[in-house]
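Peer 1: Below, each chain spelled out in residue letters.
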Amino acid sequence: MSFLEFSHITKTYPGVKALSDVSFGVDKGAVHGLMGENGAGKSTLIKILSGDQHADEGEIRIDGKVQAYASTRDAFDNGVIVIHQELQLVPELTIAENLSLGRFPASAGIIAGRRMLDDVGAKLKSAGIDIDMRRKVKTLSIGERQMVEIAKAIMLDARVIALDEPTSSLSSRESEILFALIDRLRGEGKVIIYVSHRLDEVFRLCDSLTVLRDGKLAAHHVSLKGVTRDQVVAEMVGREISDIWGFRPRQAGEVRLKVDSVSGAKLRAPASFESKAGEIVGFFGLIGAGRSELMRLVFGADSRSSGTIKVDGKMVRATDPHDAIRAGIVLCSEDRKHDGIIQGRSIEENINISSRRHHARFGVLNRASEIATAETFIKKLKVRTPSRRQDIINLSGGNQQKVILGRWLSEQGVRVLIVDEPTRGIDVGAKSEIYELLYQLAEDGMAIVVVSSELPEVMGICDRILVMCGGRISAELVRDQFAEKAILAAALPDTKTPDAIAS
Amino acid sequence: MTDQLKKILLGEQGLVVIFLVAFALVSALVPNFLTDRNMLGLLQSVVTVGIVACTMMFCLAARDFDLSVGSIVAFAGMVAVMASNATGSILLGLLAAIACGAFVGFINGVVIAKFRINALITTLATMQIVRGLALIASDGRAVGINSPDFYQLALSKLLGIPTPIWVLALLFGVFGFVLNRTVFGKNTLAIGGNPEASRLAGVNVDRTRIWIFTLQGVVCGIAGILLASRITSGQPNAAVGLELSVISACVLGGVSLAGGRATMSGVIVGVLIMGIAENAMNLLNIPAFYQYIVRGVILLLAVLLDNLRSSALGRR
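In the order they appear, the protein sequences are chains A and B.
Every letter in the first sequence is one number past the one before it in our numbering, and letter 456, counting from 1, is 456.
Every letter in the second sequence is one number past the one before it in our numbering, and letter 42, counting from 1, is 42.
Please note: incorrect hints may appear among the correct ones.
Pairs of lysine to any residue residues, derived as SDA-like cross-links and limited to a Cα-Cα distance of at most 20 Å, are as follows [to be verified]: (1) B:K114 x A:D157; (2) A:K17 x A:Q53; (3) A:K123 x A:Y69; (4) A:K138 x B:F115; (5) B:K157 x B:V143; (6) A:K216 x A:T12; (7) B:K114 x A:H322; (8) B:K157 x B:A258; (9) A:K125 x A:I177; (10) A:K337 x B:P195; (11) A:K266 x B:E196; (12) A:K337 x B:K114; (13) A:K380 x A:S346; (14) A:K266 x B:R199; (15) B:K114 x B:R63; (16) A:K337 x B:R199; (17) A:K337 x B:L171; (18) B:K114 x A:D320; (19) B:K157 x B:L171; (20) A:K337 x B:G173; (21) A:K379 x A:L438; (22) B:K114 x A:S303; (23) A:K225 x A:K380; (24) A:K47 x A:E5.
To be clear about the criterion: a stretch of chain B counts as covered by chain A if any three or more of its residues have a C-beta under 8 Å from a C-beta of chain A, and this derived list gives those stretches [unchecked claim]: (25) 179-186; (26) 296-302.
Source of the hints: derived by calculation from the structure; they are not laboratory data.
The beta-carbon is built from N, C-alpha and C at its ideal position, and this holds for glycine as well.
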C-alpha cells in the first residue's frame, strides 16, 4: 500500500467521461509524474485531489486513511496543496504578507511585522529561495511568483504537493531553482505529483510516472528505468509520433513584414527585423529579453515612440490593434487568460470577435455566416468541445489556443501571424497539430513569427532564429547555422549589456 | 424533485420561471391586480425605469456604470419643455432634449474611455453637474407646458394602449436585437468579458464605450420627454434616485456587474418584477416607507440567486 493511493476514481461531466476507473499509488519521498494530452483527465484528477471536485466513484487514501474533502480549504488543512498554473497570490501584498496570509503572527490584531519577516525569512532561506520578502507580489515576474507559491506550500508543511505545469512560465534558471527545491522536498519525504508536458523534466525529476489517456490509465511506471521517451509519447497519444516538429522546408518569398527601428516605453533600444512570405521566423530569448514587448509594439498593443512598420511595402500606422489587424498583422498573446480568451463567452463568440465585421451589414450580424465560420474553424483546428456554445473557459489550454488561432484565421487578409509562446501548456499531440498548422499557413504565403522560450521548439520549426537579450536583437541565424550553444550564448546577458528594458 | 427544482431555478430561464410564479401568486392573492386598468397602470409606472434599463444593460455588460441617468432624465425633460415653449415647436423641443441627453452621455463616454477616469466617479460628477444645470435653467421651479399637444405624447393611445408603453416595447425590441445581433452588441459583451483581450482582438474598445454612453444619453432623453409629458411639466427634481432603480432592475434581470453577461429578456423581467412588487404593495396599501425595505430585500435575493447561478455554471 502506497502512501497516496488513488483507487478506482471515476468522474463524469455532462457529455464527457473525464476519468474512468483510474487507480495508482505514490510512495513517500517520491516525485511522481502525471502526463497526458489535453483533456486526458490530469486536471480533473488534480482537482479531485485538491477537493475542488468530487469523484463520482472511487476514493483517495493518504497513509491508509480515506480522504473526503468538502473543499479545497479542507484539503489544505489535511496537508494536500495544489499549485496551479494560475497563481493565487494577492498582488498588492508583499511576499512575506502573502506567505503569512491567514496565519499572520499578531497580537491583538496588530501584525507583528518583525516576527513575520523572521518566520518567512527562515523558511525561505532553508528552501534556498533568495528574494526580498518586502517586495510586493505585483512587482514580481511570473517566475518569481511561482517560487513564492511553492514557498507557500513549504510554509504549510504539506504532505502532498501537486504542481500543475510549474515550469510553463519559468526561465531555465528559475526552473533549475525549482528542481533543486523539489529535490529537497523529496528528501523530506513529501509526496510530489508533477504534472507536465515536458518529457525532459519528467525524466529528469520523476521517480515514477502515470500516463493518462482519454480519462483512462494508459500506463503506470513504478520506475523510469528503461522507459524511453518515445514510449511515453506513444502512451500519451496512443500512437507513435516519430518527429513532433515535422519540419518541412519551404520556399521563402518577398519580404512581408519590415520592422524598422521600433521602440517604446518597455523596449528602449530600437529593434529592426523583417520576415518573408512563407517563412517562419523564431524569436528566442530569456524571459524579459524584450521579445513580447517588441511584438506588442508591432501589433500596436503598446504605443510606439519611434520606428516604422511596413507590410508588403505599405506603411502601417498601427497605433491600436485594430489598425494592425486591418493591415494584416495579427498576434496571439503569450498570456492566454489575460490577453486572449474572453471568459464567460462562447467559443463561437471568441472565434468571431474580430472577423465578425465582415459578416455584418450596417452593423447587423449575419448569424448563419457567423455560425458557419465558428463551425468551420472548430472542425478545421480540431477543437475538442461538445458545442460551439460552450464557454471558452471550460476548454483546456490547447483547445483555447486553437480557438484563438481560429479567431485570426477567420480574419480576412492576414499577412503576418505573430504567435507568442504558441504551445505553452499544451500537450504533445496538440503541439504537433499547431506546428502543422503553422507550416500550412506559411506555405499559403503568410509570414509567421514565433516567439518561444523553448529552444528545441524554435530550432525545430523555424527557418530563421533571431535571438534577443536585454531588449536587443543579439544574433540572427538561418536554419543551417542552428546550434544550441550559439543560440544560448547570444541569449544570455553578459555584464556589459546595458539595461535596455525598463524594469 | 429538489434537484429538478434547483436546475430550473438556476438555469438559463430561472428568472423567467420565478417571474411567472410571482405573477401568478400576486394575481391570485392581490385583489384588483389582474385587471386591464391595473395592468396598464403597472406598465405605465415602469416606463421610465424600463427605457433607461435598456441602455444601462449595455453599460453594465461592458463593466461600466452610469449614475447620471436620473439627472439626465430630469434635465432632458426640462429642455424639452423649455425649448418647446420657446420655439413653439414640439418637434424642436424633443430634438433638443435628445441632443442634450446625447451630449451629456457623449461627455461621460469620452471622459471614461479616453481619459480613463473610473465610470463611477465620472458619472457621479456629471450626475451633480447635470442636476445643477436643470435647477439653474428653471430657477428650481417646475416649468409648465404651454402647448397641450405635448401632453398628448403620454396621453395618446394606440389600440387602447398608451404611447409610452409602445415606446417602451419598441425600445425593448430594438435593444434586444442590438445586443444579440449586431457587432456593437457582441463587442459590448466581449469588452465586459475581458477588456484587454477584446482590445487585442481588434475591438475598438474606446469607441464602443463612448457609443454606449452616448446611447444611454439618447435613451435618457426619450425617457425624460415621456416623463415630462406625463407629469405635464418640466421638473428639475424629477427622477431622483432613478439610477438605483434602473441598476437594481438590471441586476435583478441577471446582468452581471462584473460585465460580460446580459440578456434583454432578463432585464425585461427585472423591470417587471420591480413594477409588480411596487404595484402589489400599493394595492395592498402598504405604506411607502415599508416599500423601500421590500425593494431592498428583493434586490438582495436576486443577487443571491445570481451568485448561486454563477457558481452552478462554474462547476459545470
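Peer 1: Compare the structure with each hint and give your call.
Peer 2: Against the structure, the hints:
Taken as a hint, the K114 (chain B) and D157 (chain A) pair is broken in the structure, with Cα atoms around 49 Å apart against an allowance of 20 Å. At most 20 Å may separate the alpha-carbon atoms for a hinted pair to count; K17 (chain A) and Q53 (chain A) meet this at roughly 14 Å. Annotation: proposed proximity of K123 (chain A) to Y69 (chain A) is violated, straight-line Cα distance about 28 Å (limit 20 Å). Between K138 (chain A) and F115 (chain B) the alpha-carbon distance is near 24 Å, which puts this suggested pair outside the 20 Å criterion.
Taking the CA atoms of K157 (chain B) and V143 (chain B), the gap is about 25 Å. The hint is violated against a cut of 20 Å. Straight-line distance between C-alpha atoms of K216 (chain A) and T12 (chain A) comes to about 12 Å, which keeps the hinted pair within the 20 Å bound. A hinted pair counts as satisfied when its Cα atoms are at most 20 Å apart, and K114 (chain B) with H322 (chain A) qualifies at roughly 16 Å. In summary, the hint linking K157 (chain B) to A258 (chain B) is not supported, as the alpha carbons are separated by about 40 Å, beyond the 20 Å threshold.
A C-alpha spacing of about 13 Å is found between K125 (chain A) and I177 (chain A), which places the hinted pair at or below 20 Å, so the restraint holds. Our distance criterion of 20 Å between C-alpha atoms is met by K337 (chain A) and P195 (chain B), whose separation comes to about 12 Å. For the hint linking K266 (chain A) to E196 (chain B), the alpha-carbon distance of about 18 Å falls within 20 Å, and the restraint holds. For the proposed pair K337 (chain A) and K114 (chain B), the alpha carbon gap of about 25 Å is over 20 Å, so the pair is violated.
Between the alpha carbons of K380 (chain A) and S346 (chain A) the distance comes to roughly 18 Å, so the proposed pair stays at or under 20 Å and holds. About 19 Å separates the Cα atoms of K266 (chain A) and R199 (chain B), which keeps this hinted pair within 20 Å; it holds. At most 20 Å may separate the alpha-carbon atoms for a hinted pair to count; K114 (chain B) and R63 (chain B) meet this at roughly 16 Å. Pair hint K337 (chain A) plus R199 (chain B) holds up; C-alpha atoms about 14 Å apart against a cutoff of 20 Å.
Between the alpha carbons of K337 (chain A) and L171 (chain B) the distance comes to roughly 36 Å, so the proposed pair goes past 20 Å and is violated. About 13 Å separates the Cα atoms of K114 (chain B) and D320 (chain A), which keeps this hinted pair within 20 Å; it holds. Among the hinted pairs, K157 (chain B) with L171 (chain B) is consistent with the structure: their alpha-carbon atoms are about 17 Å apart, no more than 20 Å. Proximity of K337 (chain A) to G173 (chain B) is assessed by CA-CA distance (about 34 Å); at most 20 Å being required, the pair is judged violated.
Distance check on the hinted pair: K379 (chain A) and L438 (chain A) sit about 17 Å apart at the alpha-carbon level, within 20 Å; holds. For the hint linking K114 (chain B) to S303 (chain A), the alpha-carbon distance of about 15 Å falls within 20 Å, and the restraint holds. Restraint check: the Cα-Cα separation between K225 (chain A) and K380 (chain A) comes to about 40 Å, which exceeds 20 Å; the hinted pair is violated. Between K47 (chain A) and E5 (chain A) the alpha-carbon distance is near 15 Å, which keeps this suggested pair within the 20 Å criterion.
Beta-carbon proximity to chain A at under 8 Å applies to 5 residues in the region 179-186 of chain B; the threshold of 3 is reached and the given coverage holds. For the region 296-302 of chain B, the assignment as covered by chain A is violated, since 0 residues bring a beta-carbon within under 8 Å of that chain's beta-carbons and 3 are needed.
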